[in-house]
Amino acid sequence: MERLLVGVDGSKNSEEAVRYAEDIWRKYGSSITLIFVWHPPAASGQGIVIREIPEYELEKLVKAEKILKDAGITYSVIKKIGNPAMHIIDESKKGYDLLVMGSRGLGSVEGFLLGSVTSRVTHHVHIPVLIVPPKG
112 MERLLVGVDG
122 SKNSEEAVRY
132 AEDIWRKYGS
142 SITLIFVWHP
152 PAASGQGIVI
162 REIPEYELEK
172 LVKAEKILKD
182 AGITYSVIKK
192 IGNPAMHIID
202 ESKKGYDLLV
212 MGSRGLGSVE
222 GFLLGSVTSR
232 VTHHVHIPVL
242 IVPPKG
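Per the numbering used here, the sequence shown runs over residues 112 to 247.
What the hints contain is simulated information worked out from the structure, not anything from laboratory work.
Be a bit skeptical, because a hint or two may be false.
[Unchecked claim] The list that follows gives simulated cross-link-like pairs (lysine to aspartate or glutamate, EDC-like), each with its CA atoms no further than 16 Å apart:
id : residue 1 : residue 2
1  : Lys190    : Glu166
2  : Lys190    : Asp208
3  : Lys123    : Glu170
4  : Lys123    : Glu176
5  : Lys180    : Asp134
[Claimed, not checked] Label-pair distances were calculated between CB atoms; the ranges are:
id : residue 1 : residue 2 : range
6  : Gly140    : Glu170    : 18 to 24 Å
7  : Arg162    : Lys123    : 28 to 34 Å
8  : Lys180    : Glu113    : 18 to 24 Å
9  : Ile159    : Asp208    : 33 to 39 Å
10 : Pro245    : Lys177    : 31 to 37 Å
Cβ atoms here follow ideal geometry from the backbone N, Cα and C, with glycine treated the same way.
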């Protein structure tokens, strides 16, 4: 496993996914790429073109990056605006060996087994996916 793609959305579940990626890195020395996709609120789609992710949204990357930095891991970050599932699926086609993501993200409804992004991604990617459950 040389290249890992890790979905990050600021949720506790995605932090756990980063910790799993750290464990894989320790075992295989894999390169790690974090992907963060901001999906703007629906109201912003009314003739407004958004070219930058707001700083308050980028704060959701801080904990994930800290986990990797504290472990001494060199990593890269991809930031996108739009449909999270679509961007993760597209990025997964670029030579990654494994996609790591939490079973549910920030927008998930309690009681569903998988979040909507995780569910959609797992049905459309062509690489193995490690789905990390909530801790506890």
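Requested in this report: Please name the hints from earlier in the document that this structure breaks, with their numbers sorted from lowest to highest.
Outcome: The structure breaks hints 2, 6, 10; every other hint is satisfied.
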